[in-house]
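Engineer: Chains as they are written, first to last, in my numbering: chain B, 1 to 402; chain G, 1 to 288; chain E, 1 to 588.
Check the hints yourself; a few may be wrong.
[Unchecked claim] Some chain B residues near chain G, calculated using beta-carbon distances under 8 Å:
hint	residue
1	Gly44
2	Ser152
3	Glu209
4	Trp210
5	Gly213
6	Arg215
7	Asp216
8	Pro219
9	Leu239
Keep in mind that the hints were calculated from the coordinates and are not lab data. In this text, all values refer to a predicted model and were calculated from it rather than measured experimentally. Ideal placement from N, C-alpha and C gives every residue a C-beta, glycine not left out.
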Amino acid sequence: MDTTTSLSRRSVIAAAVIGLTGAAAGVRAQGTPIRVGSTLALTGPLSATAQIHKLVGEIYVEQANKRGGWLGRPIEWVVKDDQSKPDLARTLYEQLVTADKVDLLMGPYATGAILSAMGVAQRYNKVLVHHTLGIPSLAKYEWQFPAWSLGSDPATTVPNTLFDALAAGPKPPKNIAVVTNKFPSIQFMTAGAREVMKKRGLNEVLFLEWDFGNRDFGPIANRIKDAKPDFVWVGAIGLDGNLLLDAMKKIDYVPPQHFYLYPSPGPLVALPEAKNALSVTIFEDQPPFTANTGAAEFVKIYRERATKAGLADPSVETQAAASYTAWQILAAGVAATKSLDDKAIATWLKANRVDTLQGKLRFDGTGNFGDDLMRIKQIQDGHWVVVWPKEVTAGGAKLLAP
Amino acid sequence: MSGFSLPSATLLAQSILSGVFVGALYGLMGLGLSLSWGLLRLINLAHFAFAFLAAYLCYQLASKGMDPLATLVILVPAFFVLGAALQALVARFAITPFNSLLLTFGLTGIVEAIIQTIWTADFRKLESSYSPMKFKVGALYVPIPELITFAFAVALSFAIWAVLRYTDLGKALRAAAEDAPIAAAFGVDQRRNALLLAGTCSALASVAGVCLALSFTLAPSQIYAWVGVVFAAVMLGGLGRALGPLIAGSVIGVSEAVTMAVTAPSWAPIVSFTLLIVILVLRPGRVG
Amino acid sequence: MNRLLKHRTPWVIAIAALLLAFVPKLGLPAFYDSLLYLMLHWIVLATSWNILSGYTGYFSFGHGAFFGAGLYTTSTLLARYDWPFLATLPVAALVAALLGVALGAVAFRVKGVRGELFALLTLAVTFVIGTIVGNTPLDGGQGVSLSAVPVPAVGPTQSSTFYLLALAAATLTVLIAWGITVSRFGAGLYAIHDDEDAAEVLGVPTYRYKLIALAISCALAGVAGGIHALFLSYVTVGEVFTIAVPLTVVLMSVLGGSRHWAGPAIGAVAITALMYSFTAADHAVAGKAMIGAILIAAILFMPEGMLPRLLKNRRRSAPLLSVHKAAAMSAAAPAPAGAQGDVLLRVRGLHKSFKGVRALGGVDVEVRRGEILGLLGPNGSGKSTFINLVSGHYTPSSGTVEFEGRALGGHAAHRIASAGISRTYQIPRPFGHMSVLDNVALATMFGGGVGNPDEARALAMRWLEFTSLQDKAAALPDALNLHQRKFLELARALASRPRLVLLDEVLCGLTPTEIDDAVALIRRIRDQGSTIVFVEHVMRAVMALTDRIVVLHHGELLAEGSASEVMQRPDVMTAYLGNPHALSSAHA
């Protein structure tokens, strides 16, 4: 795609978005609502993260309706509880499409439910924008679009980004301990990391996998300590990072440098021994991210509402950002095609770029994934600070190594 | 599966210790469940929900500045009353053990919903003054929160064992469990004893909850994460036997920890549960 | 033709299934197909669980393992070997069944593994298999993606295909569950539920039956798993090998009523509908609490389950036969082959020790055809042990037991029962959930070898008449007094037409009048052609009835001969009453 075309397309989008968000205060959305349907894991083991997506969706829809909605019509979000069960998600998406007859679909939370929803979308020729699919190779439907910019081969590109960051840091590691959860979207990333490590000539001193739901991290912490690594890659999701750090603290072990793949960010940041922990993100509540489209306002509103809702961490990071991005993507498709036609929206999205919280996104790669926009962040002084690549850092932030 | 690696003696010992501690928590959580299943014929799934409710309450009180162990002073009596009250309500109906599973499943759902409404689905971790405390025995680290759990588990298990074995109340409870009509004929006041026992089981749940809050991160959905392994410990240890859950829990905890120390941690459940199966088949008499 | 129409229920089920098969054609939104699929899916799982656990009482916490085995069999065949989907289902059923039988073959052999220990074993197996699947190429942690697999066009849409497949599976499952309840196999399972040891002694091949029930249960769960694999299109270990599946099927069966074949199905529909009605986001969390409250209310007010409560309002048709001929008792039993006075039972050197306690120390006894042999001795002398050994309740430590020339020592009790030996228990052990008639019919079906349950009931009725219990035929054993329960024991012992009847203190606890009745009854039993070994303390009955007696003491044979002779012997009197010299000197 040449720059002039993309530039002119970009202006079209910018204009459309501006038109929608419009300086024209008091432009009220009217007419029959546009109904967008999705499910979320509002109860069950996945509810801790899904509650973020619920909040983001509500914020988006409210703000968008204040500015005139989509195509001048108000947006109505029909969301159901799939109780963290993919088979229920599938059935509910079928209900949304065939019984409730919603106009458009939005993706659910987590890989399993997304794959179920994707099947339904495929059968009924609906476009599906989703925000948390962790395994790009499983996304085989033509009309699905990811808001989480992992790129098509995150198992290679993300570890490379990380090791680039470490190599440019004060103490590039040589001996690496790799420990991981066996959760599907984590495990395959860890496998990719190990390949990358081999190619870079790094030495793997330990490799351990544990089952999702493991409670006792004592022996694992001990084995890490015994292996004396310079760097620990922790394939963590949810609580794992905390539990492992707790276990390491109990045996007086602080890893020299450590990385956690998809931890729950809030609880991790609050932990004193998580100092200097590294992780990945597509968005943080700091410049330059806050300069992206829609970011500044969203970040503020989210913080207010999350605090009011009693959420432990009221700042926007990967989950909330991906969720908001998904709505932005769908909105762009609707605005550009001036329709609710799934085929038109899908065709348009594949051929164009959308300006979002994460930056300019494209969908023309394998599986409709575009660039890998995962950045490296680090806990410094009890806050997450983006440290790599240089162009997205602010205030001279750098990767620290004790 | 990665191969076996010969662990250092320290690693092995530390892992065993870790397994003992987590086993003690299984035992503590299982104690109330075992007593109510064995002596009251109630399979109390809500035991886990009560433990978590207590854990959350402890977290709440502690974040307002109270010492987590001091919360026991409030929680234990409160849960005792809760348990006895529920028993009083339920005793009016004829409940078989499997009916009680359904009943307590419903109750668990209610408690989980209450927890999620008040504290949201977020993960909550209590950072208390005990969290960083530990001491060393030779090369081994002994963390204080886990030691507290272990101490509670052992003390309470033995205390209950002694009560069941040596006191009249204990004998009355065991008699009523074996043959209720005959026990009644001998003057055992089953209603009163059942209330006492139900209250005690609930109180035990609250102690387990405080220990949970001290060492683990809490989330409403975590309630179900413990059901499988604690049920296993309870069944292996023999229903209604006070020392059973502790011993069985330790067997499970240590076998898993040792597996994690010498080979791929993801194989841990195989070792512990195969061991369980072997024990059952070779010696189906109760462990402990 | 008459046999086909005798039972209405299978026709009702089949017609209902046929009607339901037209639902996809109704043009409803496709999601109803998926919702109904989920209900049917749970009907299969809950009903199949109930076939083992509800009917036999062997509470299994392992249904997830068998469901998962079927699920992963199908996934592997589809993803790796490109099998056509429908062909994988029978394989899924087979793999699950084999797994179950392997488990059962070990678990059911160990006598102590019952109740919660069996539940634990099955739960442990679930975790073991789940971990194996998660750590091997079967899944390996990545999950198995089946999105590329074509769904066969059984119905007009994909969802309707699953619906129809599940409908077929559910119909099959429910028909099997019903069929079991009206068959001899089912009666055996119910007997195992109430009292497994008594069932075994009455001739029910308990080990084999439990394995069969387990195999059927697992196979059906395997089919459900296979279908569900493609429904999910992405399967992970964490979804399947947990306590969630077994817990849910228990709840469904208990809610619906686990003794009835349709109970679990009702429970499955109710709970799925309940879980489904609270999916609106605004009330998601509150919905969970509501569901909990509804379940609590349901079980408090319907403690036996929904179905029994629903059925209570309809008039129950009595399981009695409206037409039966009260044939004269003499027509009932054919004259036994072999002459009067032949040796029927020959016991040599019979020895039994329990962990160092010697109950019987090498006893030789002969029982002659047509006689009433009294087996006497003070408490602890080994009389009950003797009966338990001969009937197969225990295995001899050493020695031989020969019956009608065949060696029977060490054989399973049910084979001994079929060979023609039966016994009563000192404390009656009737099957508490079965009617008096069914209790007796069980013996007819198993020890007596009558295959057809209705025929068995007709024959059983005659035995009830023989023991004057015919008015109580439809009652539950709870409603009988001790005397009637003893007679029930007798009727049950006789219903298998045994050639040798072992009576264990059948008179204890009876009033003098009742004792007279019983004595008369026992005589009639002998007159009919049975040989009787009669353990008793009531002396006048012993004197009145027995042809010979045998006295045991400390596990050894002390004396043998006619009643009046033996009871005069000093060593026998010492055994019963203590040292006679001490007595006489005290009086001197």
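Engineer: All the hints need checking, so say for each whether the structure fits it.
Structural biologist: Outcome of the hint check:
Residue-level restraint check for B:Gly44 holds (minimum Cβ-Cβ distance to chain G is 6 Å; threshold 8 Å). With its C-beta approaching chain G no nearer than about 28 Å, B:Ser152 sits outside the 8 Å limit, and its interface hint is violated. Taking 8 Å as the C-beta cut-off, the interface hint given for B:Glu209 holds, the closest approach to chain G being about 5 Å. A hinted interface residue such as B:Trp210 counts as satisfied when its beta carbon comes closer than 8 Å to some beta carbon of chain G; here the least separation is about 4 Å, so the hint holds.
Because the closest C-beta pair between B:Gly213 and chain G is about 6 Å apart, less than 8 Å, the hint holds. Checking B:Arg215 against chain G by beta carbon gives a least distance of about 6 Å; that is within 8 Å, so the hint holds. Using the Cβ-Cβ criterion of 8 Å, the hint placing B:Asp216 at the interface with chain G is satisfied: the shortest such distance is roughly 4 Å. Because the beta carbon of B:Pro219 sits about 4 Å from the nearest beta carbon in chain G, less than 8 Å, this interface hint is met.
Interface restraint check for B:Leu239: the shortest CB-CB distance to chain G comes to about 5 Å, inside 8 Å, so the restraint holds.
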